[in-house]
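Line by line, the protein sequences give chains D and X. For the first sequence, the UniProt record's numbering assigns the number 1 to the initial residue and increments by one for each residue that follows. For the second sequence, the UniProt record's numbering assigns the number 1 to the initial residue and increments by one for each residue that follows.
Just so you know, same-sequence chains aren't split out, so a pair can sit in one copy or run between any two.
Straight-line C-alpha distance at most 25 Å; calculated DSS-like pairs for lysine-lysine:
no., residue 1, residue 2
1, Lys220, Lys27
2, Lys399, Lys158
3, Lys78, Lys94
4, Lys31, Lys242
5, Lys196, Lys104
In case anyone wonders, no lab produced these hints; they're calculated from the structure. All of these numbers come straight from a predicted model, not from anything done at the bench.
2 protein chains.
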Amino acid sequence: MQAEIITIGDEILIGQIVDSNSAFIAKELNKIGVSVYQITSVQDDREHILRSLEEAGNRSSVVIVTGGLGPTKDDVTKPTLCQFFDDELVRDEKVLAHIEELFKKYINSPISDLNRQQALVPTKAKVLHNAFGTAPGLWMKKDKVSYFFLPGVPYEMKNLILTSVLPAIIEEYERPHIVHKTIMTYGMGESTIAEKIEDWENNLPSAIKLAYLPNLGRVKLRLSAKGQDKEALVSMVEDEAKKLYPLIGDIIYGEEEDGAIEVQIGKLLTEKRMTLATAESFTGGKIAEQVTSVPGASHYFKGSVVCYATETKIKVLGVPKELVEQYSVVSEEVAVAMAERVRDLLGSDFGIATTGNAGPTKGDSDADVGTVYIAISSPKGSFAQEFNMGNHRERVVKKSVGKAFELLYKEILNF
Amino acid sequence: MQAEIITIGDEILIGQIVDSNSAFIAKELNKIGVSVYQITSVQDDREHILRSLEEAGNRSSVVIVTGGLGPTKDDVTKPTLCQFFDDELVRDEKVLAHIEELFKKYINSPISDLNRQQALVPTKAKVLHNAFGTAPGLWMKKDKVSYFFLPGVPYEMKNLILTSVLPAIIEEYERPHIVHKTIMTYGMGESTIAEKIEDWENNLPSAIKLAYLPNLGRVKLRLSAKGQDKEALVSMVEDEAKKLYPLIGDIIYGEEEDGAIEVQIGKLLTEKRMTLATAESFTGGKIAEQVTSVPGASHYFKGSVVCYATETKIKVLGVPKELVEQYSVVSEEVAVAMAERVRDLLGSDFGIATTGNAGPTKGDSDADVGTVYIAISSPKGSFAQEFNMGNHRERVVKKSVGKAFELLYKEILNF
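Working from the sequences, and respecting the hints, build out all of it.
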């Protein structure tokens, strides 16, 4: 069975916001065996909304619509719903009580007529309780197609999907199983991988689809299988995935359910009861931020010295001034000293350091834009590697953060 | 005149990636007066692609398609193009030479047949040079509608949009002007703002559209006007925007073209020749990362001590151990001490400090999940404020980073 997602609102169409809501919904639907056939972003416009609801309902059994339910005047969705479902709006007393309660608890301003209007719902709608906000979710049906209307605020929408929409779909529709397995690789390009696994790919069972997902120097390989017998699908996908390891095992750093590389580093460090600290120049704290985005990071992450200025490297980290003068601040020697000093200073087992020039102009050194050094220090010693990450500031930082995690990951495996 | 965007590829439909390409394209099209009518994400499937191309072409004069042009076997786009345009593929020698050159320069593996196939293009296509990658862009026409096909890799796509697609559209199509102005506010909810500006909103000229864009405790107000006379539109929008200041001037922190709040802080610090350092506990380096995302930050940002562990606050920052014991690590007193110590240690004019509990479980203190302190220290003194940011780890961090910038911004204005 298949579903569609429609987002309403000009802000996506003028590029003011990125549509991350649809990615979340698609992922959750996939987990319960619902394929998303199409995602459509439409304008806050009656005719356009009507046409999209109609078309999506002709193709799919479930249509999830986000956006267009806010309290202010740019929203035309609810009157349009009434037209589509031939219905009218009535006040829902439970919703009104909830809005009044939220205002009393969290909001320091008096409740307005605009807010009260959010309690108006179509008579044929089943109201879905929005625990985190004032706009309720709505579940409506037309010719056996379920339409779910949700507010566009991501965290309200996510909660409604998890607590109301998915349970409703599971209850109402029979679904096949979809099994995905994603193998994460690093250090090799898409087409080189494709050549290495060509025979394997050509011999994949027809029920399995393979996709290459390249991003910032890493390629993910995603295997997908769909069918009725979940166990058979899982073992078929597992069998094929296993065959990949003899072919490209040296570039595989994990499978997606293991989590991102910083999650895996966290697991390894926790297991080995070891700790990490970072000294970041041009990465500006992004390594620390990514490490601490993992819940529980406080068990293994001591902290970071973000030493953007050269004097901070010397004064706070204690990198010898002579070293900077002799080799320049963007050098292998300074990178290694930073990694060693931050380990000492923060008392950690591992240290990561970055120094380089992310551009757009040259900084405190003569290094070319894109030239970076990444150093790792551990109880077994220290080393730094030089990279040229190109001349796009944001990419230089992102690629370097990724590379730092790869180097650390390999190093931790030695302990 | 209007355009549509189509993205091809299962990875958006299974929620593996967020469609940030479309946001970029929509923003750029808007700047040159092209409205985006619809954005559609479709499957890597011949029938689905054909239908979307057809429908988009019936509605709009320009259709921009991304994705489906990679070297590996999950891509069906090019044969589908040939069917749609009644065309066939031929080898383009210039594209082939470019692919060979890229391999020689940057890629450490031999060129493969798969890579060579990327030089196959439909005979009716105008080839758009992809400086950064091996898949060329294609410009094709059908019944006066322009179709642009671009690779899905964001930085290749962006370059093609800027260097080839926009100039082609400007050359070929007459466009009205679209003028946007976005006023950025903080500290007040959407509906309260709506009430305060109700009279103004009701009296807006009909050519002006207003949208409320709420996100993490801040609301942006976007005014849009469309028409032939650019100067008249600009002055109409400017006039209306000016009227907002007497109504809600106290919650406006800038206009969008001024840049995000960290950009404005950067401008102020540069102007006043003052500097900043941060001491971050639960925000884990995110403030530093956001400060350094602004090119030129090295002129005013000294660095950060990310003191995730309590011992790092004491050992590296030099927060007195007794203070932590007396008040607990999540307290106003410790926050202020952190901000003052990091100013001293890094020799900056301003210091920001954060300490709190982002969850999911309690850390080194008894503070409730979501309780945070943000401190600002300046040559005029120091203060900290307590906030409860809810119980969603990622939101606690994001909202706190935003709040820290707001507090700092107001403080800098005193100098």
